[in-house]
Amino acid sequence: MNLNTIDYVVFDKMKKEMEKEVSIGNIILGYDNETLIGFMGEHLEGSMGLLYVLPEHRRKGYASSLEKHLIKMNLDQGFIPYGHVVEDNTASIELQKKLGFEQSKKLIRWMWK
Numbered sequence: 009m010n011l012n013t014i015d016y017v018v019f020d021k022m023k024k025e026m027e028k029e030v031s032i033g034n035i036i037l038g039y040d041n042e043t044l045i046g047f048m049g050e051h052l053e054g055s056m057g058l059l060y061v062l063p064e065h066r067r068k069g070y071a072s073s074l075e076k077h078l079i080k081m082n083l084d085q086g087f088i089p090y091g092h093v094v095e096d097n098t099a100s101i102e103l104q105k106k107l108g109f110e111q112s113k114k115l116i117r118w119m120w121k
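Heads up: the sequence shown begins at 9 in the numbering used here, then just goes up one per residue.
Hints may contain errors.
[As the list claims (entries may be wrong)] Here are the simulated SDA-like cross-link-like pairs (lysine to any residue), alpha carbons at most 20 Å apart as the crow flies:
| no. | residue 1 | residue 2 |
| --- | --- | --- |
| 1 | Lys105 | Tyr90 |
| 2 | Lys68 | Leu44 |
| 3 | Lys106 | Asp96 |
| 4 | Lys28 | Lys68 |
| 5 | Lys80 | Gly108 |
| 6 | Lys76 | Phe87 |
| 7 | Lys68 | Ile36 |
| 8 | Lys113 | Thr98 |
| 9 | Lys68 | Thr43 |
| 10 | Lys68 | Ser55 |
| 11 | Lys114 | Glu95 |
| 12 | Lys80 | Ser55 |
In case anyone wonders, no lab produced these hints; they're calculated from the structure.
Take these sequences, add in the hints, and give me the full structure.
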């Protein structure tokens, strides 16, 4: 089983759970016509994240569109949009810069105790 096959298996299993989260406003789904191409949502503490676009739909602007939509939703509700990105996730860091986010000078870590 290659990585793309795993992506589809995981994606299909997650689809029903995502649709439930969509109904309560925690996740937005992205479509190309009727094909689900990705999603983005919010973590429980309110940070934006969970951004995922299927491999064959990457580099087409979908991640940017999903995040712009979630940013607008946050601003419309009076919230300040923010997120946490793993230090070596250069694609996400570049996307955040492109969308006008400013990187914190301090490393922030959240841990469950």
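Okay, the hints, checked on the actual structure:
At most 20 Å may separate the alpha-carbon atoms for a hinted pair to count; Lys105 and Tyr90 meet this at roughly 12 Å. In summary, the hint linking Lys68 to Leu44 is supported, as the alpha carbons are separated by about 14 Å, within the 20 Å threshold. The straight-line distance between the Cα atoms of Lys106 and Asp96 is roughly 17 Å, inside the 20 Å bound, and the hint therefore holds. Between the alpha carbons of Lys28 and Lys68 the distance comes to roughly 27 Å, so the proposed pair goes past 20 Å and is violated.
Note on Lys80 and Gly108: the hinted pairing holds, with a Cα-Cα distance of about 13 Å set against a maximum of 20 Å. Only pairs whose Cα atoms come within 20 Å are accepted, and Lys76 paired with Phe87 is accepted, the gap being roughly 14 Å. Distance restraint check for Lys68 and Ile36: the Cα-Cα separation of roughly 18 Å lies within the 20 Å cut-off, and the hinted pair is therefore satisfied. This hinted pair checks out: Lys113 and Thr98 have alpha carbons roughly 16 Å apart, not beyond 20 Å.
Our distance criterion of 20 Å between C-alpha atoms is met by Lys68 and Thr43, whose separation comes to about 14 Å. For a cut-off of 20 Å, the pair hint linking Lys68 to Ser55 is broken: about 24 Å separates their Cα positions. The suggested pairing of Lys114 with Glu95 holds, with an alpha-carbon distance near 12 Å, which does not exceed 20 Å. Distance hint between Lys80 and Ser55 is fulfilled; the C-alpha atoms sit about 14 Å from each other, no more than 20 Å.
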